[in-house]
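Peer 1: The working numbering puts the first residue of the sequence shown at 1, with every later residue one more than the last.
Treat the hints as calculated values from the structure; they're not laboratory data.
Heads up, some of the hints might be wrong.
[To be verified] Calculated lysine-lysine pairs in the DSS-like style (CA-CA distance at most 30 Å, straight line):
no., residue 1, residue 2
1, Lys-57, Lys-20
2, Lys-128, Lys-56
3, Lys-13, Lys-241
4, Lys-496, Lys-635
5, Lys-424, Lys-128
6, Lys-88, Lys-56
7, Lys-356, Lys-128
8, Lys-313, Lys-635
9, Lys-58, Lys-225
10, Lys-291, Lys-333
11, Lys-356, Lys-130
12, Lys-333, Lys-496
13, Lys-291, Lys-257
14, Lys-257, Lys-20
15, Lys-159, Lys-20
16, Lys-359, Lys-496
17, Lys-299, Lys-424
18, Lys-241, Lys-257
19, Lys-130, Lys-333
20, Lys-495, Lys-356
21, Lys-299, Lys-24
22, Lys-291, Lys-88
23, Lys-333, Lys-58
In this text the structure is predicted, and so the values were computed from the model without any measurement.
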Amino acid sequence: MMQAIKINHRIIKEALRIRKVEEKFLQLFSQGKLNGTVHTCVGQEFSAVAFAGQLKKKDFIFSNHRCHGHYIAFTGDVRGLLAELLGKASGTSGGIGSSQHLCHHNFFSNGIQGGIVPVAAGYALAGKLKNNGAIGIVFIGDGTLGEGVLYETMNILSKWEIPLLIVCENNFYAQSTPQHINLAGDIQARARAFGIRTFKGNTWEPELLMEQSAEAIAFVRDQQKPCFFQVDTYRLNAHSKGDDDRDPEDVALHRQKDYLHIFQQQSPSYYQMYEEAINQEIDAMVEEIFKESDLPIEKYFQPSTRTDDREWKTLEPVNKRQVELINTFFQEKLVSDERTVFLGEDIHSPYGGAFKVTKELSFLRPERVFTTPISEAAVVGISNGLALNGFRPITEIMFGDFMTLAMDQIINHASKFHHMFNRKVNCPVVIRTPMGGRRGYGPTHSQTLDKFLVGIDNVKTVALNTFIDPALIYRSVSSEEHPVIVIENKTDYGKKLLHTRPRNFTCQANGDPYPVVRISPAVSAPTLTLVAYGGMADMAASLLETIFSETDLLAELIIPSLISDLPLDILTESASRTGRLVVLEEGSPFGGIGGELIAGVTEKADVKIRVRRIAALPVPIPSVKSLEHLVLPEKNRIIQELKESF
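Please model the complete structure; the sequences and the hints are all you need to start from.
Peer 2: Written out as structure tokens, the structure is:
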């Protein structure tokens, strides 16, 4: 028997507007006027109205690929959404993000499942630190329950009491796979296991859902704690624009159960009146939008320009270890800048991190230093959210090897927000990590993985060395508006600045924000251009005299700090003079920075240059010292390869 309609007509009209917008999208797509894909929430509209529609303007939402309803209910920006999917410059993301990637008035969406949850948690944590009373909602689907980062984040949400409401729209399918195939156990029990309060409702009783959602929102706001809401619902269309493999009888049954269908049957005159008015509004918008222009390429893509300050200045030694210099800068930064936040595993004092870089920080500003669980993906995601919401997070990954666990947050979130959302936001997150071998830590704690980091668009990758004061580097890092990864070599921590000074060579640096170091023969012209960075730089400097005595090659050593944007002009000028170019790197050679550097120099040079890469052997780094010595580029092998090459 069909239930009687009791709900406020305003709510009916909001849900119907969402449906009609999405039906228009499907119509336009069938006509070939939309590019990409469309994931509709037809059948789920009352979830959007109940949650997104009851937030305050100061609150925020993170949503997923099925985000149109949430967007309309929260922002009311139907025109911006239509223009976005039609690929116009007036679209909410300039036509760049299309259906899945929207940003407007504290609304953010991304098509990556699970990854939005820690970003939302970080955004909510920023609001809590500001004490502005804002809360947020992150919408996930039941398919997202298979993502590990969700559980990493729920643990942190509970322990840190972050005011975020997770709304799980349970439509019983993960794309085309029925829930009983992929999902074990109870949905709410997952959140309860972390001590998070849970609620449950459904979209077939929208009046009750409005009351339940208001209660959950009030709980998060009043208690400043997280909660989890399971909304049982059913999407009446396919996952996206493609085939629908679900049982047609099951879909038909839920169409009859759909609340808007019931309203249409019971109040046909009202339904027709609302539908006609909404359709006229949408059609008028679409007709107007079609006349607009697409975003011009120059407004989307602006090539980065590298500073190349050729004023070389002599470097002087500093009688302090690198780790002391980094720590001193961080202490000063934490005290002087209220936007600075530190996150990482075991960084609270008295321990102060595995390599003591964060020593004393938690004593200085305990409210802005967060020691975290072993949850690299969630921690970097939370840092991304903090950065989006006005803070300057500096996040430590205990060992560089563990960066792989956070790559989704770096590649699919931090690096993309600025351009994906048409330059509306910046994400100035700093991720710093120690890398390198020669400590006997073995295969999973000794790798140099820089080649996997330098190719990430819109992310700067910097390698510290023992010639440039790390405070100078970190001052430049702190002024960036986009993500930066800083690599700190483990063996360099204990070394004093410029402790290696080869005789009969000058040691200079240029004035770039990320200085290039040049160690040149004091009198004679060099006959070899040697390039090293990070932990290899100190070894290379210590070899300059030996290289001359063993090979008769007089090397000019160039040490870049910014390895994601190499100083090709400086390198090409030197290599063109010497006719020989050798790159030393601690990672394995194939696909590495050495290959990229040599390719760049070869493209720019007008003369023939003989080249060589000297790198680690392409095997896991062993712990035993004798084998580690053989796998990593060491002094004797470097000299031998130079002899063989030239």
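Peer 1: Evaluate each hint against the coordinates.
Peer 2: Verification of the supplied hints:
At roughly 25 Å between alpha-carbon atoms, Lys-57 and Lys-20 fall within 30 Å of each other, so this suggested pair holds. Distance restraint check for Lys-128 and Lys-56: the Cα-Cα separation of roughly 16 Å lies within the 30 Å cut-off, and the hinted pair is therefore satisfied. A distance of roughly 25 Å separates the Cα atoms of Lys-13 and Lys-241; the hinted pair therefore holds under the 30 Å criterion. Proximity of Lys-496 to Lys-635 is assessed by CA-CA distance (about 21 Å); at most 30 Å being required, the pair is judged to hold.
Annotation: proposed proximity of Lys-424 to Lys-128 holds, straight-line Cα distance about 23 Å (limit 30 Å). Using a Cα cut-off of 30 Å, the hinted pair Lys-88 and Lys-56 holds, with the two alpha carbons roughly 29 Å apart. Pair hint Lys-356 plus Lys-128 holds up; C-alpha atoms about 28 Å apart against a cutoff of 30 Å. For the hint pairing Lys-313 with Lys-635, the CA-to-CA distance comes to about 29 Å; that is within 30 Å, so the pair holds.
Between Lys-58 and Lys-225, the direct Cα distance comes to roughly 17 Å. Compliance with the 30 Å bound is thereby established for this hinted pair. At most 30 Å may separate the alpha-carbon atoms for a hinted pair to count; Lys-291 and Lys-333 exceed this at roughly 50 Å. Our distance criterion of 30 Å between C-alpha atoms is met by Lys-356 and Lys-130, whose separation comes to about 29 Å. The straight-line distance between the Cα atoms of Lys-333 and Lys-496 is roughly 22 Å, inside the 30 Å bound, and the hint therefore holds.
About 40 Å separates the Cα atoms of Lys-291 and Lys-257, which puts this hinted pair outside 30 Å; it is violated. For the suggested pair Lys-257 and Lys-20, the alpha carbons sit about 18 Å apart, so the restraint of at most 30 Å is met. A hinted pair counts as satisfied when its Cα atoms are at most 30 Å apart, and Lys-159 with Lys-20 does not qualify at roughly 42 Å. Of the pairs offered as hints, the one joining Lys-359 and Lys-496 holds, with about 18 Å between alpha carbons and a cut-off of 30 Å not exceeded.
Only pairs whose Cα atoms come within 30 Å are accepted, and Lys-299 paired with Lys-424 is accepted, the gap being roughly 12 Å. Taking the CA atoms of Lys-241 and Lys-257, the gap is about 23 Å. The hint holds against a cut of 30 Å. Between Lys-130 and Lys-333, the direct Cα distance comes to roughly 18 Å. Compliance with the 30 Å bound is thereby established for this hinted pair. With a CA separation close to 14 Å, the supplied pair Lys-495 and Lys-356 stays within the 30 Å bound.
Under the criterion of a C-alpha separation no larger than 30 Å, the hint pairing Lys-299 with Lys-24 is consistent with the structure, at around 29 Å. For the given pair, Lys-291 sits about 9 Å from Lys-88 by alpha-carbon distance, which is consistent with the 30 Å threshold. Proposed proximity of Lys-333 and Lys-58 is supported: the alpha carbons are some 29 Å apart, at most 30 Å.
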